[in-house]
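Put chain B on the given structure of chain A with help from the hints.
Heads up: the sequence lines are chains A and B, in that order.
Numbering (the working numbering) for the first sequence: 1 to 334.
Numbering (the working numbering) for the second sequence: 335 to 672.
Just so you know, these hints were derived from the structure itself, not from any lab.
These numbers were taken from a predicted model, which means no experiment stands behind them.
There could be a bad hint or two in this list.
[Unchecked claim] Facing chain A, from chain B, some residues (calculated, C-beta under 8 Å): (1) Ile474; (2) Tyr480; (3) Ala491; (4) Leu494; (5) Gly495; (6) Tyr496; (7) Arg518; (8) Ala521; (9) Val620; (10) Pro621; (11) Asn629; (12) Val631; (13) Ser633; (14) Gly648; (15) Leu665.
Note that the Cβ used here is the ideal one computed from N, Cα and C, for glycine as well.
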Amino acid sequence: MESQPPEERSQQRSKGLPQVLVMKPPPLLTLFEDKFISSKFQLLKAWESTLPLDQFLTTYAGSVRAVLCSGATPITPRIIRLLPSLQLVVTDSAGVNHIDLNECRRRGIAVTNAAGVFSDDAADAAVGLLIDVLRKISVADRFVRHGLWPAKGDYPLGFKLGGKRVGIVGLGSIGSAVAKRLEAFGCTVLYNSRKPKPWVPYPFYSNVHELAADSDVLIVCCGLTAETRHMINRRVMVALGKQGIIINVARGAIIDEKEMVECLAHGEIGGAGLDVFENEPNVPKQLLELDNVVLSPHRAVFTPEGFMAACDLVVANLEAFFQDKPLLSPLIHE
Amino acid sequence: MKATAMTSENQSRHSQSDLPYVLILKPPPSFLLFGDHFLDSSKFQYLKAYESPLPLPQFLQEHAQSVQAIFSSGLAPVTAETIRLLPRLGLVVTTSQGLNHIDLTECRRRGIAVAGAGTILSADCADSAVGFLIDVLRKISAANRYVKQGLWSSQGAYPLGYKLGGKRVGIVGLGSIGTEVAKRLDAFGCSISYNSRSKKPLVPYTFYPNVVELAANCDALIICCALTDETHHLINKEVLSALGKDGVIINIARGPIVDEKELVRCLVKGEIRGAGLDVFEHEPDVPVELFALDNVVMSPHCAVLTTESFEDLGKLMVGNIEAFFSNEPLLTPVSLDG
Numbered sequence: 001m002e003s004q005p006p007e008e009r010s011q012q013r014s015k016g017l018p019q020v021l022v023m024k025p026p027p028l029l030t031l032f033e034d035k036f037i038s039s040k041f042q043l044l045k046a047w048e049s050t051l052p053l054d055q056f057l058t059t060y061a062g063s064v065r066a067v068l069c070s071g072a073t074p075i076t077p078r079i080i081r082l083l084p085s086l087q088l089v090v091t092d093s094a095g096v097n098h099i100d101l102n103e104c105r106r107r108g109i110a111v112t113n114a115a116g117v118f119s120d121d122a123a124d125a126a127v128g129l130l131i132d133v134l135r136k137i138s139v140a141d142r143f144v145r146h147g148l149w150p151a152k153g154d155y156p157l158g159f160k161l162g163g164k165r166v167g168i169v170g171l172g173s174i175g176s177a178v179a180k181r182l183e184a185f186g187c188t189v190l191y192n193s194r195k196p197k198p199w200v201p202y203p204f205y206s207n208v209h210e211l212a213a214d215s216d217v218l219i220v221c222c223g224l225t226a227e228t229r230h231m232i233n234r235r236v237m238v239a240l241g242k243q244g245i246i247i248n249v250a251r252g253a254i255i256d257e258k259e260m261v262e263c264l265a266h267g268e269i270g271g272a273g274l275d276v277f278e279n280e281p282n283v284p285k286q287l288l289e290l291d292n293v294v295l296s297p298h299r300a301v302f303t304p305e306g307f308m309a310a311c312d313l314v315v316a317n318l319e320a321f322f323q324d325k326p327l328l329s330p331l332i333h334e
Numbered sequence: 335m336k337a338t339a340m341t342s343e344n345q346s347r348h349s350q351s352d353l354p355y356v357l358i359l360k361p362p363p364s365f366l367l368f369g370d371h372f373l374d375s376s377k378f379q380y381l382k383a384y385e386s387p388l389p390l391p392q393f394l395q396e397h398a399q400s401v402q403a404i405f406s407s408g409l410a411p412v413t414a415e416t417i418r419l420l421p422r423l424g425l426v427v428t429t430s431q432g433l434n435h436i437d438l439t440e441c442r443r444r445g446i447a448v449a450g451a452g453t454i455l456s457a458d459c460a461d462s463a464v465g466f467l468i469d470v471l472r473k474i475s476a477a478n479r480y481v482k483q484g485l486w487s488s489q490g491a492y493p494l495g496y497k498l499g500g501k502r503v504g505i506v507g508l509g510s511i512g513t514e515v516a517k518r519l520d521a522f523g524c525s526i527s528y529n530s531r532s533k534k535p536l537v538p539y540t541f542y543p544n545v546v547e548l549a550a551n552c553d554a555l556i557i558c559c560a561l562t563d564e565t566h567h568l569i570n571k572e573v574l575s576a577l578g579k580d581g582v583i584i585n586i587a588r589g590p591i592v593d594e595k596e597l598v599r600c601l602v603k604g605e606i607r608g609a610g611l612d613v614f615e616h617e618p619d620v621p622v623e624l625f626a627l628d629n630v631v632m633s634p635h636c637a638v639l640t641t642e643s644f645e646d647l648g649k650l651m652v653g654n655i656e657a658f659f660s661n662e663p664l665l666t667p668v669s670l671d672g
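Only chain A is shown next, with the shape it has when bound in the complex (with noise of 0.2 Å):
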């Protein structure tokens, strides 16, 4: 049956298991193809067509209930005005800002991520990433691989990870369990939210800029919205001081990029640990010069045992979708 062209195959689904729209694959499909088999439904595979993306949904995708994205796959108002049927966006990352969330509340459509299987696994990235930065540790580690070691005899002082104060932009899963962690290493965490969080023990700061004037380091933790694009600006940056780190792990647009190249290169802040950045692949050329800055190619918070997990999600959501139970992983609207 996967080898019919997906015209044949769409005639048949009437006939067979209900079909989930895939525009083109996500990585987690590359990856764990056989995983994505199930007796719960079928993927309708538009990439495979020779057609145009809108011609293809046009004519095979009236009655299609579900769709698979990606970060690559954005799904706008027009792909959803193209779905008259569609109930359910499934998405395999944690980000959903490729989703038009206002156009799936007006059409109740649902939509899931597989934000909690990540959430340990960035909260661990986002501390390696602190404390290689703080401890320079990747510095060291060239100095001693370029053989200075025994020209030099000096080496590159960190700077004490107990006793600082941690700004945590967004405390959801991620930024929690970020919290957790630091607190072990005797960190102070502080933190800035939409709303504030009066079960949790740190102390709430009502805007991004307060919470910087008052931490030593800022983890980004959010996710990408209107209301957080370019959110830590110029400003913050520069009152978060001359000895400040930014952390980011999130997406790269929530830091106004431009800003902040400029800000590591004048010293006005101390240095970033980033894995993710405004325009992936390409990294501003001035970072790749700089050592108080450590970078990370958008895979600081994968590991496969995350993306089996968010497999798992993923297929879990599709197949309690198609037998009408409740799904696991909704995004709630808030």
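Showing chain B alone in chain A's frame:
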């Protein structure tokens, strides 16, 4: 500060002849970084052996009657020979976390007190150990290199790292550093087990009576013990083999605790997953085979040091010496009982 009616010249002549001497054999790192007066005190003065043209034994003989204390940063060993040339020696203080550079047996024999860094450095050591573990597992330094070489845009995705949560971590030596490491890794969802000279009754971690068994039951070994005759090459072929090809080793203690030649062989052949090393058998020389390996993270024996710790250590050190000369209890005495 005692009040005195003397003039300042008399006072300085008076204090120079009165103040007891503390011998320094080699300039400590803090002098190099913060200047010669970083550790000054009004209660004692330093006798700097390294400023003298005399060979050390001769220098010691000349000053044998004045030296009551030695300050060693760890760079200069305090040997039995040195101790024997100083009949009035009553105290050795060190800012080093390790004590293997001091002949503790000779100190015990002579009734010489030893004061160390206490737990000031424990947290910083532990932070490094955890930092190294995350780096090796999640390939942070290697990925940083990859991006900085411009390979992300040209060559695409970098290989994934390994999950930290759920990993079984074996701590070799559950002293103050080992305990701090355990506390941190607990928060990451690792399961902790350990080997120590003796089982610690009040800790919630699984004890293994020997390092081979510990290694066989772990995904990562973190070396946090002291270097002694018993721990020399403790991590040998058998241990590394038990650790296995998915195992990681982190050493922030002392190079000679690990059979370095064997470790390098295992890393090159892929018989263990990776290593994070701050210390080596023959510092500053590092086996060149390691330079080509992406699954190894190295640092030049600085994992313990932070800018802030120098100040804290300096104060502690001076405090110990001042207490000694005032016949008060030392702040951070080291027990010399075997």
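Do the hints match the structure? See the list:
no.: 1; hint: Ile474; result: 5 Å, holds
no.: 2; hint: Tyr480; result: 7 Å, holds
no.: 3; hint: Ala491; result: 7 Å, holds
no.: 4; hint: Leu494; result: 6 Å, holds
no.: 5; hint: Gly495; result: 6 Å, holds
no.: 6; hint: Tyr496; result: 6 Å, holds
no.: 7; hint: Arg518; result: 5 Å, holds
no.: 8; hint: Ala521; result: 4 Å, holds
no.: 9; hint: Val620; result: 6 Å, holds
no.: 10; hint: Pro621; result: 11 Å, violated
no.: 11; hint: Asn629; result: 12 Å, violated
no.: 12; hint: Val631; result: 5 Å, holds
no.: 13; hint: Ser633; result: 4 Å, holds
no.: 14; hint: Gly648; result: 14 Å, violated
no.: 15; hint: Leu665; result: 20 Å, violated
When the structure is compared with the earlier hints, violations turn up for hints 10, 11, 14, 15 and for no others.
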